[in-house]
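With chain A fixed as given, assemble chain B onto it according to the hints.
Just so you know, the sequences run in chain order A and B. The first sequence: position 51 = 51 (our numbering), numbered continuously. The second sequence: position 123 = 123 (our numbering), numbered continuously.
In case anyone wonders, no lab produced these hints; they're calculated from the structure. Among these hints, one or two may not hold up.
Taking lysine-lysine and the DSS-like style, the derived pairs with C-alpha atoms no more than 27 Å apart in a straight line are [to be verified]:
hint, chain 1, residue 1, chain 2, residue 2
1, A, LYS336, B, LYS79
2, A, LYS5, B, LYS176
3, B, LYS13, A, LYS336
4, A, LYS81, B, LYS62
5, A, LYS5, B, LYS5
6, A, LYS79, B, LYS336
7, B, LYS328, A, LYS336
8, A, LYS81, B, LYS96
9, A, LYS222, A, LYS336
Examples of chain B residues toward chain A, derived with CB under 10 Å [said to hold, decoys possible]:
hint, residue
10, LEU2
11, ILE4
12, LYS96
13, PHE187
14, PHE193
Here are a few chain B residues that sit away from chain A, every Cβ distance over 10 Å (derived from the structure) [as the list claims (entries may be wrong)]:
hint, residue
15, LYS19
16, LYS81
17, LEU150
18, ASN183
19, MET219
20, LEU250
21, GLU285
We put the beta carbon where it would ideally sit given N, CA and C, even for glycine.
There are 2 protein chains.
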Amino acid sequence: MLDIKVLNQEVLKETLEMKDVILAVEKAYILKAQNRTELFPMVFHEFNPGVADMDIKSGHLKDESIFGLKLVSWFGENKEKNLPLLFGTTLIFDDKTGMPLALLNADYITGMRTGAAGAIGAKYLAKKNSKSLLMVGTGHVAQFEILATLIAVPSIEKVRVYNPRSEERTATYASKIKNILKNSFNFESDVEFEAVRDIKDAVSNSDIIITATPSREPMILKDWVKPGTHFSCVGSDMEGKQEIDENIFLDAKVVVDDITQAVNVGETETAIKKNIIKESDLLGEMGEIILGNIKGRTSDNDITIFDSTGIALQDLITSKLALDLAEKKNLGISIKL
Amino acid sequence: MLDIKVLNQEVLKETLEMKDVILAVEKAYILKAQNRTELFPMVFHEFNPGVADMDIKSGHLKDESIFGLKLVSWFGENKEKNLPLLFGTTLIFDDKTGMPLALLNADYITGMRTGAAGAIGAKYLAKKNSKSLLMVGTGHVAQFEILATLIAVPSIEKVRVYNPRSEERTATYASKIKNILKNSFNFESDVEFEAVRDIKDAVSNSDIIITATPSREPMILKDWVKPGTHFSCVGSDMEGKQEIDENIFLDAKVVVDDITQAVNVGETETAIKKNIIKESDLLGEMGEIILGNIKGRTSDNDITIFDSTGIALQDLITSKLALDLAEKKNLGISIKL
Numbered sequence: 001m002l003d004i005k006v007l008n009q010e011v012l013k014e015t016l017e018m019k020d021v022i023l024a025v026e027k028a029y030i031l032k033a034q035n036r037t038e039l040f041p042m043v044f045h046e047f048n049p050g051v052a053d054m055d056i057k058s059g060h061l062k063d064e065s066i067f068g069l070k071l072v073s074w075f076g077e078n079k080e081k082n083l084p085l086l087f088g089t090t091l092i093f094d095d096k097t098g099m100p101l102a103l104l105n106a107d108y109i110t111g112m113r114t115g116a117a118g119a120i121g122a123k124y125l126a127k128k129n130s131k132s133l134l135m136v137g138t139g140h141v142a143q144f145e146i147l148a149t150l151i152a153v154p155s156i157e158k159v160r161v162y163n164p165r166s167e168e169r170t171a172t173y174a175s176k177i178k179n180i181l182k183n184s185f186n187f188e189s190d191v192e193f194e195a196v197r198d199i200k201d202a203v204s205n206s207d208i209i210i211t212a213t214p215s216r217e218p219m220i221l222k223d224w225v226k227p228g229t230h231f232s233c234v235g236s237d238m239e240g241k242q243e244i245d246e247n248i249f250l251d252a253k254v255v256v257d258d259i260t261q262a263v264n265v266g267e268t269e270t271a272i273k274k275n276i277i278k279e280s281d282l283l284g285e286m287g288e289i290i291l292g293n294i295k296g297r298t299s300d301n302d303i304t305i306f307d308s309t310g311i312a313l314q315d316l317i318t319s320k321l322a323l324d325l326a327e328k329k330n331l332g333i334s335i336k337l
Numbered sequence: 001m002l003d004i005k006v007l008n009q010e011v012l013k014e015t016l017e018m019k020d021v022i023l024a025v026e027k028a029y030i031l032k033a034q035n036r037t038e039l040f041p042m043v044f045h046e047f048n049p050g051v052a053d054m055d056i057k058s059g060h061l062k063d064e065s066i067f068g069l070k071l072v073s074w075f076g077e078n079k080e081k082n083l084p085l086l087f088g089t090t091l092i093f094d095d096k097t098g099m100p101l102a103l104l105n106a107d108y109i110t111g112m113r114t115g116a117a118g119a120i121g122a123k124y125l126a127k128k129n130s131k132s133l134l135m136v137g138t139g140h141v142a143q144f145e146i147l148a149t150l151i152a153v154p155s156i157e158k159v160r161v162y163n164p165r166s167e168e169r170t171a172t173y174a175s176k177i178k179n180i181l182k183n184s185f186n187f188e189s190d191v192e193f194e195a196v197r198d199i200k201d202a203v204s205n206s207d208i209i210i211t212a213t214p215s216r217e218p219m220i221l222k223d224w225v226k227p228g229t230h231f232s233c234v235g236s237d238m239e240g241k242q243e244i245d246e247n248i249f250l251d252a253k254v255v256v257d258d259i260t261q262a263v264n265v266g267e268t269e270t271a272i273k274k275n276i277i278k279e280s281d282l283l284g285e286m287g288e289i290i291l292g293n294i295k296g297r298t299s300d301n302d303i304t305i306f307d308s309t310g311i312a313l314q315d316l317i318t319s320k321l322a323l324d325l326a327e328k329k330n331l332g333i334s335i336k337l
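Bound conformation, chain A alone (with noise of 0.2 Å):
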């Protein structure tokens, strides 16, 4: 019989850090510039439209000798059950043999990969010395955005954080976010946190904006951006989500995770559908610009956007990356399958 190794919550909350993570992943995005990677098609299922959903991502990490998928479901519904809406299940496998190396819970390496892509969009595309940050969205997604960003972008003093549905949400979480990740992650800074009242003036007032919405119209209209502005936008991924005015990519400079999917399922998709910008307009991807293959922002005028829909290769190297830490450390199980 086989053995395998299963990481649980957990383990994983003790064996993952952010700067770790971030790292890990613009090595995701190298790798996958350098033809070093494959991306398998995305399996994508509504149980229910806009009600229960589930997609598969998976892929071939070569220089890591792995490959595998995460499964992740939501279920809109959960809510009133006190259940979690978003469930993730990763399985990885060795390259060389095809065998089953570990069943890992996704949902806290989700966090800490999505996270990481939002604060990497803003630390190769942000102006130099940005000293603030937007957070739109205040689900279970923020507090790892802005955990990331603070790490990636030490220069901000100052987090907005606004949940486009509820003030009420928003002086909450603004309330509490300082401690959310004092205690959960260990983190603590000098940073100001405060409750946006006025978005349209938040907005005009922030050189990072990072978007972690279901949304599926703009919340952030072009005339409300000032120049110089970068746009970390990782909610939408999947067909007809959108969380900023498409009429923003006409002169903005866009670089995204994965080309097709941006365009498929992206924020980019409704820039591309109403013809604000065509595909070849697209800076490129993010692996490109850390190379410095591509050059992104050329100017503290520019408007940047980074269109993060989430690819497999991130969840792959961080579970990775907590498989070697915890074999380390000593941490989780091994069971026989």
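Leaving out everything else, chain B in the frame of chain A:
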């Protein structure tokens, strides 16, 4: 944290009996015919064509309230490493909450459900009182095909076995299959087992022929086939694979497990590509035959073919059966994920 159930190879061998798996797979075919299932698109990737590949089959079984996936990897060079060539891993999820329920070793399940499929083809399409079975292929799957067919078609008196590549392996397999059935499955019968020396002669004298090989060219020619023969072709599951002469399709009644898969990757693929038959010449899917909505064989002279490509629903229903039985027998372990 989540609790999920793990059923390993050992537990599955203690839990699953072929007679139950046959009924379960029949039920999966019926539910598919009644539109109470969903098959999600298959993911297929070749790491090295003909040497190493993997596929992910997934779907939704509404009546059992589960959805899930199976990843199967096939690494031909494992032979030299003394490792199994095939590894299968299944994840099952609750379709009301999206929560992961179970991790199963899918190696044994794959053998059982594939054996059941070939046997169901024979049960519903072969002549009444079929006396002889020819098993083409002596790999891992052959024992499951023989076991299942002896259970589903109890009139069989003689089983011929044939390895198309090696006379020696044909002889070895014929001499040990009775013991395999006894030792691995506790199955005993008076049936006679015989090694094939002349394949042409064996084909002409068999009522039921099951092919389960990785062949890419026909091993059985049309001229050898007598009226009344039934074929269950279970080996072809990807583009380019073929086991029997495509001309056999011309006068045969053809039933498939899934029309899309059969036409694209099954035994049916070549017959259609070479314009021997059209998709509309297929009688339909097996569930329609079992339900009696479509007539299969109508005369003892008909030649019938069941093209079993293997569908996720077989795996899901067999996994669910194993989970229910393990629950009853208090087998398997629970882990915190």
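Verification of the hints:
1. A:LYS336 with B:LYS79: holds, 22 Å
2. A:LYS5 with B:LYS176: violated, 36 Å
3. B:LYS13 with A:LYS336: holds, 14 Å
4. A:LYS81 with B:LYS62: Status holds; Cα separation ~20 Å.
5. A:LYS5 with B:LYS5: holds, 15 Å
6. A:LYS79 with B:LYS336: holds, 22 Å
7. B:LYS328 with A:LYS336: holds, 21 Å
8. A:LYS81 with B:LYS96: At roughly 11 Å apart (the allowed maximum being 27 Å), B:LYS96 and A:LYS81 satisfy the hint.
9. A:LYS222 with A:LYS336: Status violated; Cα separation ~56 Å.
10. LEU2: Given a least distance of 7 Å, the restraint on B:LEU2 holds.
11. ILE4: holds, 8 Å
12. LYS96: holds, 8 Å
13. PHE187: violated, 23 Å
14. PHE193: violated, 29 Å
15. LYS19: Fine: 25 Å to the nearest Cβ keeps B:LYS19 off the interface.
16. LYS81: Answer for B:LYS81: violated, closest chain A Cβ roughly 7 Å.
17. LEU150: About 28 Å separates B:LEU150 from the closest Cβ of chain A, which puts it past 10 Å; holds.
18. ASN183: At roughly 18 Å from the nearest Cβ of chain A, B:ASN183 sits farther out than 10 Å, so the non-interface label holds.
19. MET219: Holds, since 26 Å exceeds 10 Å.
20. LEU250: holds, 34 Å
21. GLU285: With a cut-off of 10 Å, B:GLU285 remains clear of chain A, as the shortest Cβ separation is near 20 Å.
The structure does not agree with the numbered hints 2, 9, 13, 14 and 16 stated previously, though it agrees with the rest.
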